[in-house]
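Single-letter residue listing:
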Amino acid sequence: MIASSILPPAEMVHWWFATGFLVLGLLLLSEAVVGPEVWGRRPWRRTLWPGVLFAMGVLMFPVMTFFTSSTIHMLAHGSWAQVMMLAGAAELGVARGKLHSRYWRLCSALGFVVSGLAVLVHEQNHWLFSRTAFLHHVLGWAALVAALFPILQTFRPRSHAATFGFATTFVLIAVLLYCDRDTAAIFGHLDFYAGVPHR
Amino acid sequence: MDVSADVAHELKREKTKDAAAARDHALRARIVLALGPATAAGGVLWAIAQPWRLTLLHPFGQGFWWLVSEPPLYVVLVGLLFRWLVAPGLVEDMEAAGEGMETHGAAPDLRGRGLRRRASAPRGPATPARAIRKPESEAGRSGERQSGDT
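Protein chains in written order, with this note's numbering: chain R, 8 to 206; chain B, 34 to 183.
Quick caveat, the hints were computed from the structure, so don't treat them as lab data. Hints may be right or wrong, so weigh each one.
Cβ-to-Cβ under 7 Å is the rule here; a few derived chain R residues that face chain B [unchecked claim]: (1) W22; (2) T26; (3) L33.
Everything numeric in this text was worked out from a predicted model, so none of it was measured. For glycine and all other residues, C-beta sits at the position ideal for the given N, C-alpha and C.
For reference, chain R alone in the conformation it holds in the complex:
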């Protein structure tokens, strides 16, 4: 009871992670614009976005621990934490030269697939139940579709479409997460059981 009263509202946690995804999106977009050779000229820069991704995975564990409204929420948050850490760690290993295979990029694809499935499975309401429900459905499908980009990057490393698609996905996720509200209407629809809307 005390813990729930000092916890931030869930929508705020979404905004904080949206900020992390926005950082990732900007870093990946700029890498896509300048190219990997220029991006890799400074060693710290190569580890920048994988490090942010890994840190976001670590920070997802407190979310899993404290936001236990249901078992399936806890499992979803736990799976995101693990796949984000896995993808971040794989990219860190590649950036540091410890890992060499291009197939490590598939960890990012796995991250998208697991995240997308977790979002879709743990959102049990229909699309127009509330804004949160709608955004969860969009996020889930967006993540599943976006898994194609790292797969394409693995097998077609020179593909600009895959590079920019991968980067833009993070910006899209950030925008969707910023749109999240605990209880709000979506396109004028708000289910009776969703609760009382607030700002």
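Once you've looked at the hints, dock chain B against the given chain R.
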């Protein structure tokens, strides 16, 4: 006579190619420099469209978390930090990579756009500008990657 004409045509082709590469180089630099301000502008527009999201504008009666969470400001902050911390180094490195072109007088100097060259900034050897456009080496994303599985 024919040989001189061939040399002249070759030089002209080289110059045209260099000029095109320089334009591409400048465009990329401008995009990188614009990413941060564009993001910050998005945050400002959001703050104007939904001023109630900024509880700092009316802080009385707000709880701790509502005062901490200012999402439009987060967006502005991310944009500004990217512009100050990441973009200048990237443009410097693009310039360093395009120094070959600058010797031909083709590459524009972007240092006049408020960028300071840091003497201590680590910088690799100058790379031909065409290498910037090469999106990916055969081995993978970073220059360090080699073929083979780990």
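At a threshold of 7 Å, is the proposed contact between W22(R) and chain B supported by beta-carbon distances? 5 Å, holds
Verify the interface restraint on T26(R): the C-beta must sit less than 7 Å from at least one C-beta of chain B. The hint holds - T26(R) has a Cβ within 7 Å of chain B, the shortest such distance being about 4 Å.
Double-check L33(R) for me: the hint is only fine if its C-beta lies closer than 7 Å to a C-beta in chain B. 5 Å, holds
Hint compliance for this structure: every hint is met.
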